[in-house]
Amino acid sequence: MASASATNLLRNEHDAILKMLEVAEEAARRINSGIAVSPEVMSGLLEFFRLFADRCHHGKEEDSLFPLLERRGIPREGGPVGVMLHEHDLGRGLIRTMAEASEGVNSGRSESASQWARAAADYAALLRAHIDKENNILFVMAERLLSESEHASLLDTFEKIENERMGAGTHERLHGLMEKLYGDIFPESNK
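Here the sequence shown is numbered in the numbering used here, starting from 1 and rising by one per residue.
It is possible that some hints are incorrect.
What follows is a set of in silico ranges between Cβ atoms, one per label pair, in the way DEER data are often shown [stated by the list, open to error]:
no. : residue 1 : residue 2 : range
1   : Asn136    : Asp156    : 23 to 29 Å
2   : Glu148    : Arg76     : 32 to 38 Å
3   : Gly82     : Ser38     : 25 to 31 Å
4   : Pro187    : Leu90     : 19 to 25 Å
5   : Ser107    : Asp132    : 25 to 31 Å
6   : Gly34     : Glu77     : 29 to 35 Å
7   : Ile35     : Ser147    : 50 to 56 Å
8   : Glu47     : Phe186    : 25 to 31 Å
9   : Val83     : Glu40     : 32 to 38 Å
10  : Ala168    : Ser43     : 19 to 25 Å
11  : Gly78     : Gly34     : 28 to 34 Å
12  : Pro67     : Glu22     : 30 to 36 Å
13  : Thr157    : Pro75     : 33 to 39 Å
14  : Leu155    : Glu77     : 25 to 31 Å
Quick caveat, the hints were computed from the structure, so don't treat them as lab data.
Backbone N, C-alpha and C fix where the C-beta goes; we use that ideal spot for every residue, glycine too.
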């Protein structure tokens, strides 16, 4: 498969999401160890997960890739597409829990930080397993089934989805946020 494939683009997005999951896991570890994590880190992670992971990345999968795979014979019900959609919904629930906990942290509710940490750790575990399944099962199936022209069409559609859902420049801004948060949590990486 050519390097400019839809699945390669999605795998690259997975790499960015995995980097932010590291930040979320470390933030959760710190909170669970009694170390304060700034509300800016929590809100930055939430923004990244809502916009980049869910609205942009999952939007590309749900609105373009998955329907195409279904048309090519991969079933939604009882198949890998259905599992991925279910896991996207579970992730959205955990993002809502993190958002509610972040509001609690901002309002001074002491238990909210540990609720955020638990939801963040659960979200990271869910997405790590989810990404592994997509990268190593679903995307491999897509690479076998889809033609180069279908990949090219998906790439065009992905670009439209990104522009419509996030707006011009948001992708770049979120990558900048990713680098900032990673550097804030792992300052040794800036050396």
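Consistency of the hints with the structure:
Remark: the range hint 23 to 29 Å for Asn136 to Asp156 is upheld by a beta-carbon distance near 26 Å. With their beta carbons about 25 Å apart, Glu148 and Arg76 fall outside the hinted range of 32 to 38 Å. The hint said 25 to 31 Å for the Cβ distance between Gly82 and Ser38, and at roughly 38 Å that hint is violated. Taking the beta carbon of each, Pro187 and Leu90 are about 32 Å apart, not inside 19 to 25 Å as hinted.
Taking the beta carbon of each, Ser107 and Asp132 are about 36 Å apart, not inside 25 to 31 Å as hinted. Our hint of 29 to 35 Å for Gly34 and Glu77 is violated, since their Cβ atoms are close to 46 Å apart. Take Ile35 and Ser147: their Cβ atoms lie about 51 Å apart, and the range 50 to 56 Å holds. A hinted range of 25 to 31 Å is violated for the C-beta pair Glu47 and Phe186, which are about 19 Å apart.
Between Val83 and Glu40 the C-beta distance comes to about 34 Å, which sits within the given range of 32 to 38 Å. In this structure, Ala168 and Ser43 meet the distance hint of 19 to 25 Å, their C-beta atoms being roughly 23 Å apart. Hint check: Gly78 to Gly34, Cβ distance near 45 Å, so the stated range 28 to 34 Å is violated. Pro67 and Glu22 have their C-beta atoms about 31 Å apart, which keeps the hinted 30 to 36 Å range intact.
Between Thr157 and Pro75 the beta carbon distance is about 22 Å. The supplied range of 33 to 39 Å is therefore violated. Checked against the hint of 25 to 31 Å, the pair Leu155 and Glu77 passes, with Cβ atoms roughly 28 Å apart.
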